[in-house]
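Colleague: With chain A held as given, fit chain B onto it using these hints.
Chains as they are written, first to last, in UniProt numbering: chain A, 1 to 167; chain B, 1 to 1020.
Some hints here could point you the wrong way.
DSS-like mimics (lysine-lysine), calculated; alpha carbons at most 27 angstroms apart, straight line [stated by the list, open to error]:
hint : chain 1 : residue 1 : chain 2 : residue 2
1    : B       : Lys174    : B       : Lys810
2    : A       : Lys66     : B       : Lys328
3    : A       : Lys102    : B       : Lys328
4    : B       : Lys174    : A       : Lys139
5    : B       : Lys294    : A       : Lys28
6    : A       : Lys139    : B       : Lys149
7    : B       : Lys83     : B       : Lys22
Stretch by stretch, here's where chain B covers chain A in the computed footprint (C-beta under 8 angstroms, at least three residues) [said to hold, decoys possible]:
hint : region
8    : 37–51
9    : 66–77
10   : 83–97
Using C-beta positions, here's what the derived DEER-type ranges look like [what the hints assert, rightly or not]:
hint : chain 1 : residue 1 : chain 2 : residue 2 : range
11   : B       : Arg942    : A       : Asp98     : 52 to 60 angstroms
12   : B       : Thr927    : A       : Phe101    : 30 to 38 angstroms
13   : B       : Thr927    : A       : Glu27     : 26 to 34 angstroms
14   : B       : Thr927    : A       : Gly58     : 48 to 56 angstroms
15   : B       : Val181    : A       : Asp98     : 51 to 59 angstroms
Derived from the structure by calculation, the hints contain no laboratory data. All C-beta atoms, glycine included, are put in the ideal place defined by N, C-alpha and C.
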Amino acid sequence: MIEAVLVMNTQGKPRLTKFYHHHMTAEKQQEMIREIYGVLCSRAENVSNFIEADAIFGPNTRLVYKHYATLYFVFVFDTTENELAMLDLIQVFVETLDKCFKNVCELDVVFNFGKIHTILDEIIFGGQVLETNCIEVMKSVDEIMKLERSSNTILLAPIVTSGRNSR
Amino acid sequence: MALSGMRGLSVFISDVRNCQNKEQERQRVDKELGNIRTRFKNEKGLTPYEKKKYVWKMLYIYMLGYDVDFGHMEAVSLISAPKYPEKQVGYIVTSCLLNENHDFLRLVINTVRNDIIGRNETFQCLALTMVGNIGGREFAESLAPDVQKLLISSSCRPLVRKKAALCLLRLYRKNSDVVNVDGWSDRMAQLLDERDIGVLTSVMSLLVALVANNHDAYWSCLPKCVKILERLARSQDVPPEYTYYGIPSPWLQVKTMRALQYFPTIEDPNTRRSLFEVLQRILMGTDVVKNVNKNNASHAVLFEALALVMHLDAEKEMMSQCVALLGKFIAVREPNIRYLGLENMTRMLMVTDVQESIKRHQAQIITSLKDPDISIRRRALDLLYGMCDVTNAKDIVEELLQYLSTADFVMREELALKAAILAEKFAPDLSWYVDVILQLIDKAGDFVSDDIWYRVVQFVTNNEDLQPYAAAKAREFLDKPAVHETMVKVSSYLLGEYSHLLARRPGFSPKEIFAMINDKLPTVSTSTVPLILSTYAKILMHTQPPDPELQDQIWTIFNKYESFIDVEIQQRAVEYFALSRKGAALMDILAEMPKFPERQSALLKRAEDTEVDTAEQSAIKMRTQQQTSNALVVTDQPPANGPLSVGLVKMPSMQHANDTNLADQELIHANGAMVLMDPQPAPVAAPPSADLLGDLLSPLAIEGPTAASVSSEQNLMPGLESGPDAVGALALTTVEEQSNSVQPIGNITERFNALCLKDSGVLYEDPYIQIGIKAEWHAHHGRFVLFLGNKNTSPLASVQAVLLPPSHLKMELSLVPEIIPPRAQVQCPLELVNLRASREVAVLDLSYKFSTAMVNVKLRLPAVLNKFLQPISVTAEEFFPQWRSLSGPPLKLQEVVRGVKPMSLPDMVSLFNSLHLAVSPGLDPNTNNLVASTTFFSETTRAMLCLIRVETDPSDRTQLRMTIASGDPTLTFELKEFIKEHLVSIPVASGPPLPAQPPSQPAVSNASFTDPGAILAGLL
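This is chain A alone, in the form it adopts within the complex:
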């Protein structure tokens, strides 16, 4: 099970935090982010993407991360997940963001954090892999976007969407 998804920039500022397993106080979350950042920023290039997270998240937790430009993408998970598959999933997440935002950069993540949550929810669900096909993810996200836009403009229109959305 995936326990947490964290996106932070290379200064250690959180850009997206989602905890699946334990609900934590904001303070505790920040402490973890700080600790993870401390480990991440001391790692050289060209080393593995794995870190044991036992000390931070408790026994038998693993952490994979990927560094893209100014952002770190971090997945924390337990031993029931395959390390490399998690690394692939980060790649799927980032590729999807890239497609949604056309060359995603940190600013996109900052100003669209709601949309980022929506995208993440289409990829990971309650700590489990939900969808790995980024075309499928984009499709669902687009549907949600459309829905949101239409209900923003036609405020009084009754929302009966099932008919329209089913294929």
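Modeller: Here is chain B on its own, set in the frame of chain A:
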């Protein structure tokens, strides 16, 4: 969601980004929080749009790390909004801000259910997502059937069904009863025929969870899993968008192979053959390529295939193929592959017959110890540790020692510990062992704990051949310019005892040895001084004929310490001074330390204790546990380490030693450190028996098997009741259990006491079974999960667990399986409801059979009063009116408690905190008093506030006055007694188990704990 539409939010984010420093950011955030709070207070004027905007802001602020302790209701209420954008925000933000126990969630269960059973798919998705993220037990009970319907519905879109599958997984985790095994296993098999890869991936995750708990019910799914694997890996029959860098959905392949690892074996030969065909194809068809992502994906599948092959106990040929593959991986350029190669090789150690082929890669593994990546270095260290045996111990340990000088600071402690353990377990000869430990202290003294050097002393004392060698080595190391204090301790001990054996060698005259040690005396701490004083006394004794000059020097030092502030040092100085004037009589008194009885190494014991883990079960975890325990325990391996036992000497029985001690109790009282010469110093050399060997090294046996020693040590077993503490008084006597041949590992009472203060841990352990416990508390409801783990390679039979609940607890234990398969762990949930306050304790009567031995233990369950307390802090305005309104008995009781264990106020505060009593500082103007409050939950009282006041007397910490008030007389009384029990005697959390019966172990109760001999004796 599209924040683009919300200008206010964008402006806020920009503002925060523009802040120059943390302080500015905090001010900006506080301002915004203030603004939101005011707007929410006046909710009437809020448009849904505004509400949505503020809720988004709250989430953003929360992410930045600020507490958002209000507005939860507003977020939750958006879920009920009729329009999509508001609803969506409500669901997303609620999932992030609230946890499953939040009361507000109950308010929306109906709305959520309506969304799930409604016909609007987008609403269904939102609702499923929230439930899948934070749905708790109540959601499980009320929503599971609806979610199941969605999953199997043929009219639903895949988008909804895959979410339903994972949502059901969450609900199943919260309450496994929601899936009715009989009906559902066929459904699962049907679901595995699904063509949509997205749905299939989710269904596979669900299957993994189901099979992990109960593989028996899902046998029919096994061939389907193999089919799926064939479809993906062999036929590559997937839509192109589900191939990831050319690999057909690696996630689904990995999950499928994971599911297969939860089935103990595959019996059907056809299925087995097909599966091995696919696995062979994966193992052989994967190459390291340029593209990193493709590499990752193909190796994700490959490593999972390796794990499955290991699990299935493939033929030797295939295993060797795997090892060869791993050998290739640990040398590749790609660091991820190197890392996983090492990790999987460590797992591979579990497989019999491949150790030899793994050893062929030793050189490469040692190279990995110098990898630039610390993650890889750690893996290499683990692997070296695991693969070490007598044949390669010398090479590996020496490599570790060498690496110690350059290793990262963060790894040194682990390195030192591992080197010490390996040296002890696999020493080809004992002089090498002494060498290694002394080098270890020399290079990393800070990380060498006391038990490591005690062990050296023990070995040297018990092996006469080793004594001159050890003394020579000790002198060599002590002579170095900068010496670690631990080195001073061990060297001066060894030199005091044995340097006289070498007195004729140059540099070993008593004078020279004294000068060398005395050089260090000014630099050492007070814990080392007593040891050095003993050494001086011994040097004096061994100087025959007496050397007046040396005598003067040493007496001067004794005189100097006669009035030293530390009592231990003072006493020794006075006594040694007096003793050393006795002349020849000294010989009798200060004789050499007698040999130590054999016992388990404290170090190895500690190494095992760290392995204890009772978290949820998983195939991988079980595998890793087995693997690490294999690394630490030699019992699984052939006892090839014979040489170690050659030096071991069978000890005179413990009983005998005790008699001696008893007879000379006076003397021992007098000086603590000295033991009278054994009148019968007849250590009979025993042939190195397998038993003796097994004992020292086995983690399971705690004490020697010889009947004499067992009988005398029974009452010293740490598993027995220790001392007259109040909680202990409630304890069921475990003495009768001792008639079983099975000894518990660890102290049952201590384990229970520890669990009274925390919610997960080990409740009981013996050589065959480990019982872990995990508890959840919600108001007056509680839920335990008992984890019964069979530690052995044969099954435990006739397992029975009977609950003996006290009258105030309603308890229900789910069925405990009669047989626990080898190396398996079963979970038994136990539900309980607290009816009223009481200090009585529930007892679990557990019995099982291992081969012919019947074992029966009665274990107290930590469902104690404080578990139903929830700390609540109150203000003065809340406290005093309540306090006054509860005017006197029976609602308010006061008692002067005497015989309180003396503790400082901060200690008392932390004790109260650990009992879930919230101390409110400053409520009582008198700083010697404490005021605390808590809420008690039971079915009769519901939530009831309890108030506590403790008045302490700074001049006499052993007494205090306590006043307890609540709205229920029973509660007041029980809570008072409960707190009293904890004040009068604090449950020992954990620590070295000290022997309990002073008469049988007089040396210990009085001995100084800085003397290794005394400590060693104390640990016996």
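Colleague: Indicate, hint by hint, whether the structure satisfies it.
Modeller: Okay, the hints, checked on the actual structure:
{"no.": "1", "hint": "Lys174(B) - Lys810(B)", "result": "holds (21 angstroms)"}
{"no.": "2", "hint": "Lys66(A) - Lys328(B)", "result": "holds (25 angstroms)"}
{"no.": "3", "hint": "Lys102(A) - Lys328(B)", "result": "violated (40 angstroms)"}
{"no.": "4", "hint": "Lys174(B) - Lys139(A)", "result": "violated (31 angstroms)"}
{"no.": "5", "hint": "Lys294(B) - Lys28(A)", "result": "violated (36 angstroms)"}
{"no.": "6", "hint": "Lys139(A) - Lys149(B)", "result": "holds (25 angstroms)"}
{"no.": "7", "hint": "Lys83(B) - Lys22(B)", "result": "violated (38 angstroms)"}
{"no.": "8", "hint": "37–51", "result": "holds (count 8)"}
{"no.": "9", "hint": "66–77", "result": "violated (count 0)"}
{"no.": "10", "hint": "83–97", "result": "holds (count 8)"}
{"no.": "11", "hint": "Arg942(B) - Asp98(A): 52 to 60 angstroms", "result": "holds (54 angstroms)"}
{"no.": "12", "hint": "Thr927(B) - Phe101(A): 30 to 38 angstroms", "result": "violated (59 angstroms)"}
{"no.": "13", "hint": "Thr927(B) - Glu27(A): 26 to 34 angstroms", "result": "holds (28 angstroms)"}
{"no.": "14", "hint": "Thr927(B) - Gly58(A): 48 to 56 angstroms", "result": "violated (38 angstroms)"}
{"no.": "15", "hint": "Val181(B) - Asp98(A): 51 to 59 angstroms", "result": "violated (44 angstroms)"}
The structure is inconsistent with the numbered hints 3, 4, 5, 7, 9, 12, 14 and 15, although it conforms to all the rest.
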